[in-house]
Structures are given as C-alpha cells and as structure tokens.
Amino acid sequence: MIEEIGRTTEGDLIINVGPQHPATHGVLHLVITLNGETIKKVEPHLGYIHRSIEKMCESLSYRQFIYVTSRMDYLSSHINNHGCALCVEKGLQIEVPQRAQYIRVIMDELTRIASHELWWGAMAMDLGAFTPFFHAFRERETITDIMEKTCGARLTMNYMVPGGVMAELHPDFQKDVKDFIQLYKSKFEEYNELVTGNVIFQNRMKSVGIISKEDAISYGCSGPVARASGVTCDIRKLYPYDIYNKVEFDEITETEGDSFARYVVRLKEMQQSIRIIEQLLDNIPEGDFQAKTKAVLKLPKGEFYQRVETARGELGVYIVSEGGTTPYRIKFRSPGFSNLSALEHMVKGLKIGDLVAAMGSLDLVIPDIDR
Amino acid sequence: MFSLENITRIIHEWLNSHFNPAFALLSEFILVGLASITLFAVLGLSLVFMERKVAAVMQIRLGPNRVGPKGIFQTTADTLKLLMKEGLVPDGADKFLFTLAPFIVMIVAMLILAPIAFARNFQIWDINIGVLYLSAVSSLSVIGILMAGWASNNKYSLLGAMRSGAQIVSYELSAGLSVLSIVVMTGSLSIKDIILSQENGWWIFKAHIPALISFVIFIIAVTAETNRAPFDMAEAESELTAGFHTEYSGMRFALFFLAEYINIFIVCAIGATLFFGGWMPLHIGQWQAFNHIMDYIPSSIWFLGKTIGLIFLIMWFRWTFPRLRIDQLLNLEWKYLLPISMFNLLLMTLVAIMGWHF
Amino acid sequence: MLNEDLKLKLTEILPAIIFEEGGEWLNAFIPPEELKAFVKQLRFSEDLHFDYLFCLTCIDWKTHFTMVYHFSSTLHRHNMVIKAKIDRINPEIETVSDIWRTAEMLEREVYDLFGVKFLHHPDLRRLIMPDDWEGWPLRKDFEDPVNMIKL
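Residue numbers (our numbering), protein chains in the order written: chain A, 1 to 371; chain B, 372 to 729; chain C, 730 to 880.
FYI, nobody ran anything at the bench for these hints, they're computed from the structure.
No farther apart than 16 Å at their CA atoms in a straight line, the calculated lysine to aspartate or glutamate pairs in the EDC-like style are these:
#1 A:K301 x C:E750
#2 C:K869 x A:E58
#3 C:K869 x C:D816
#4 C:K869 x A:E54
#5 C:K846 x C:D816
#6 C:K812 x C:E750
#7 A:K41 x C:D852
#8 C:K738 x C:D776
#9 C:K769 x C:E741
#10 A:K55 x C:D873
#11 A:K206 x B:D698
Which stretches of chain A does chain C cover? Using the computed rule of at least three CB atoms under 8 Å from a CB of chain C, they are:
#12 49-60
#13 327-334
Label-pair ranges, simulated between beta-carbon atoms:
#14 B:I443 x A:K246: 58 to 66 Å
#15 A:S61 x C:W790: 16 to 24 Å
#16 B:K456 x C:N819: 57 to 65 Å
#17 A:S61 x C:K814: 27 to 35 Å
#18 B:I495 x A:D12: 50 to 58 Å
Source: prediction; values computed, not measured. In this text, a Cβ means the ideal position worked out from N, Cα and C, and glycines have one as well.
Chain A extracted, bound-state conformation (with noise of 0.2 Å):
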C-alpha cells in the first residue's frame, strides 16, 4: 500500500497512500511529502473514479439522469436524487403531493441516517477498533431492509421522480420504521459508551485536523466540517425544501473545529434526524404519492440550481437547458470536493497517524469527489 516514489533535495520523502485501502474511503490516491514522521505537503490525485457523469446527462432524458446520480454519493442516494428531481420541478414548476413530500423527507432521513452509521463505524476502524464496524452495520442492515421493502433496492435506490415518488409505501413500512426507531435508541447509549467516552479515541482525535471558521468558509466547506468550526451553513434551515420549514430540529454546531467535534456534530445529527422521522411517521397524509406530470419533460430555456443537504454536506445540482428534452449542462457541486481541498490545510505540521484520523472525520465519499 505504501510505496516511496522519490525524495526531495532537502531529505524529504515522498510517499503514496492509496488508491488500495484496508478500510473504506473508495480510491483515494493522495501523495503525501513527509520530514522524518511530520507532515508537510498532502496531494490528492483524483480520477480514479471518474465516470463523466456531467458529459453522460447531456445525452440522458430529464427522468433518466435522476438515476445517474445516486451512483455519486452512494451512501446518501436518496437525498441526491432528491435534488436533481427538486430542480426538474423547479424549472417544470411542478407542484407535488403532501404526502409524496413527506415520504420524501422520511426517506432522506433514514438515509442520513444509514450513511453516519457506516461514517461511524469505519472511522472507528481506522482508528484501530474494529468492533464498532460490526455494530453500525447491524443498524445500517435494518435500515435497508426498510428500505428494501419499499424501493425495491439496498444502496441505489431510484425512487424519486420529478413529482413524486416512484410507488407507494410498502404497507409495513410505519411498524417497521418505529421498530427501528425503538432499537436505535437503545444502542445510541452504547455508541457513546464504546467510542466517544473512551479515553483514547479521545486523544487520537482532539486537536486533531484543526480548521477555523474564517478557512473553513474560504475552501468551502459544507455539511459536518463547516459546522463544527462554527459555521451555520445548514440548507435544511436556511433555504428549506418540502416540509422541512414544517419540522422542529436543532442546527448542531460546535466551535473547536477539530476531529472531535466533527465526530460529535455527526452522532448528535442522527439523534435529530430521528426527531424529525419522529414528527412525521403517524402523520402522513393521504393523497397521492405522485403529481400528474407529462411522459417527457421538457424545461423551458434557462439555469436552475438547486440545493440539498446531503450527509455530506450541501450538494448543488445546476441545470443549464435550451428548452430539448436533455439538459444542455448539468453540473453538480459536490461536497467532498470542496471538503477535500481542506484536508491538507488541516494535516500540516502533523503526524501521519493524526492523518487517518483527520481523513476520516472528514467522511469523504471518492465516487462523489470524481463524478
């Protein structure tokens, strides 16, 4: 995994970690300058994943390019094609359902959910535990079994559409979420117990991969990292989408900036994002679950850009159409992109196993980062 690729005049070496990992991340290649075990310049060389996802939409249908994009962040599928459907009914002026609204909602936060779980676990791996994984993925399971029944897939899952959803609940879907939420709580307290209070997680992952508000804002990071250093950059809140102005949630920021407080932000998100799914379970409306809309969809002349809130971070979906049946250009601004330029502000001067560390709090998905 680790290879010297060169050295520098002053004695520095030069080495490779990645695009193999033991763990999880997806292939990230990143070359790392090192002086004796400090850190001094970190690389990304990205592309390894590279699917051309934006060139591949110009030549897709306004309904099939939904599709493309859960294949991006693949752990927060459902918020992706959340909003590349929002900004289709955006340009369509589509009015959708109250019910298909609130299914919505639920379903990006179970996915949320699901995809802090699995963050969860495999940053506990490459911090050295590796029963923690076991753990998360008991609970991840539960959820895509839920989401199994109704969408019909584990991971992809292409259930969103312009006006809708897709098909309607599977009739167990309620029971079956209040069953999770009923296990889910009485594991949080073994999350903490295992992981946060532990006394060394905690000094592997304090004062580590330091970023500030000022730098946080100026390499545009979003999601989890911009709000443990302050940052109040929540879409749910600032510019809500479907009934998110509707539920009562709290914004979670911290202020240190440093691992820890990334990991906090997140465990303390899933708690919220089980109070919303919470509020709206038992009150779902009746209706239907999609709006009439035409069989092929032609935007008028124009831009439209929308933005969501993935697990990630603030996901934006830009879609440049001269009024065909296919976008004239879709560009999707991705969070792990912006959070990745951070990383090497955020390791400088540090040892290479704070590294690990700081790569994991950061949660970065690489299919997301290349396209």
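Keeping the supplied structure of chain A fixed, place chains B and C upon it in accordance with the hints.
Positioned in the frame of chain A, the structure of chains B and C alone reads:
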C-alpha cells in the same frame, strides 16, 4: 485422583529401572523436548482459533464454522496453507539474518517455557532464580525483531522494527517492576517458592492494594510487550506498513505468527503464577474444609483456567479499544506507568515490612 | 440585502455590469478583464461580504464560453451569480483562488475539462483526467471514438 505428576513419576521410575541413569536422563531430555514442541503446536493452533471465535462473539457474528465440526480444524488448514506458500527471500536481504530471525523468536519462547509450573511437581526446571531468568530471556526476543526488520532490506520494515523495539524495551521496565513487587512479598525468586507461598491465599488477595496496582500495570505492560492492540501501531494494517514481518511469507511467517500467540500464553502464565497462585487452588486462610474441597480439582485445571482467563482478558482488549499513536504509547510508559510502578514497589515493601498483608 | 439594493450597489462598483432577468437569484454579466477587481470588492466590502464561493463552472456555448460563479454571504445571507463571457479559441481568465481557497481545485477541474487557462493560478494542471490526456472532454466538439458511444 488424576495428577500429571504421577505420569512423570511413572516414566522416571520405569526409565531408571531399565536403563543406566545417564541414558535415562538423556531420554528424559528428548521426551521433554518433544513434549514442549507438541505443546507449542497445540497451543498455537488452539489460541489462534480461540482468538477468532472470541472476536466473532464480540462482533456479533459466528466466526469460522465450516472446516471441521464448529470449525476446529480451521487453524490446521491455515498452517497447511502457510507451509505450502512460497517462502520468498527479498533480493537485497541479508540471507543469514533473514532466515535466523524467526528461529530466534521461537527459541526464546521455548526457553521461557522451562521454569513455568503447569501443575503440582510438573515443572521442567525449577531454577532458583526463576523470575529473573524469565525477565532476562524474554528480553532476547527484541533481537529477533530487530534482526527481522534490518535483514528485510525494506525501509518500512526497519521503521516498524525500530518502533516495536522501542516499545518492547520501554514496557519491560514496568513489567519487571510489577513482578519485583511480588518477589518482595515472597522473598524468593524461584517459581516453586512463589507458588507455595500462596498456599493460604493468592497474592492478589493477600497483598490487596499494591498487588492490585501491580497486576493492572503488569497486564498493560505485557499487552504492549507482545505488540497486541491497543499497542499494535507498529504492525497495524491501516497504518503505514505491516511492521517488521512485512517481507516474510510461508513457514517463516508462520513461525512469527505462532510465536506471538505463544508469547501471549507465556506472559499470561507468568501473570497467573505471580498474582493468582499458578496451580495453587483457591485457599482462604485457615478454612480447612473449604481448602480441602478446592483441592479436589486437579492443579493442572486450576492453572489452565487462570491462564485462559487472562488470555481472554487480553483478547477482550484487542477487540474493544482503538490504537494508541506511537508517541502516546511511549508517553504512557515513561510518564505514567514507570513512576506509578516505582512508587508501588515502595508501597509493597512498606506493606511487607510492617506486615500489613494477610 | 434585497435584489434591488444589490443591483444599485453593484452598478456603483462596476458600471459595465449587465443584469439578466428571470432566475432565482441575481444574475450579472461582467467583462472578464474586470473580474479580479470586481470580485475583490464583492469579498471585502462590508455590506456585500460574499465570503462563500459555492460553485464555479463553465458552459460551452459553441461560439464562446461562459464562466459562472455562484456566491453566497454567510453574514447577510444573500446570493448572486456572476457570469463572464470568454473567448473559445484561446480561453483565459484571472484566477480567484487567492481570495477564495476553494477555487484552487474548482479551477483545476474547469481547466481539465474545458481547457480554460487561469492566469496566476498556483498550480494549474489536470485533476481528474490522466496527466497525459489529450483534449478537453466537456467541450461540445470533443470526439473520442474509442470511449464515447453515440446513441
């Protein structure tokens, strides 16, 4: 009742009655050598299997359960696989040292086996400086590790070996001081004397507080000595390299691998001997009736039970805690454990002099 | 600040600015030579305070390119979009990476996919495509008979 010392006594008398004493002694040597090699093989296999099953239980899964009933032949299959792999010696490596290193680690492990008492009167060699011998010989394994790292001709193996070496040498101090505190109470370095002195109760109960502190420091120190998590930064997969045994494959790797588990068994055996009485059953002071009942359980079962309990504890650590960074690891030893263990030694001496133990 | 006030303020700073109607946020076209001075004002003036650059991209209109910058302010919570038309044969524009650090990687991506040269960029080279790739993939006239399948 069943006792291992009967077996040795029968063999000894049979040999002496049929052959001249020199030949009998020689054949006893050979028998003991074969027995310890067999013990190693069996121990290695069962401990690896135990580790995998314990890990599985803690991670809510099943563990190996296909090879043999309940998966008990898994490690045999793994060892066969390692035997048949190509044993590659890297190009620029120092061939002699490269081949020698795993053997040194193995030989040291075998040498340490000598003074350990497995049951009543079932000890290979009751040397009068038993504990000192154990500390001294176990330090030799560092040479094997450094040799492996150097001879691999790989910068990262060398780095990993240096880190391992630094870690082991540092934690030997705390382990040694903890062991010394029990020797202060016993007044003798010989293993047999230490066990016999626990006839009226184990040292961890008799010498209450200082012995408890010693035990905790001892467990932490031996986890670090055997390079186990949470102190396995030098060989962690998601860190820099696979440590000093990166370049080893095939049978040589199998030797390192087995030597690690045997080291765990040995340090747990030492811990059980010093703090929990070795093969001595649980006696409480002068309660003759209770002691008599406890004596019915054979001493070898007592010894095995205590050792396996401590091994389980060490495995529990691995699957619960994350890793310490290398500087945090050395910090822990030099700034915290060493001063505490030195103070504890003084405390134990005070307790011994004033007679504040049971 | 409301759109009307923003329009007044921006026209004060740069009279050559042209506003585009229709659209969720304020859209403005500026000449590319004025970009650097203009965005410095956007970033550092107190009542504008656009400190969050959240999208930087390029659109290929077959006769020219349009660079698109989406700005947001974390203090005043207003958003706007700046566009600049640049030449297609020899596309060049000033970098903004010294004002917003996020632009470093975003501009590298635009260079990689469109071929737009960013003047005074600290490290302009390909990001996603392999280092020896020929051609600019996201341009409309990009042909790749091996990898591209035309439906």
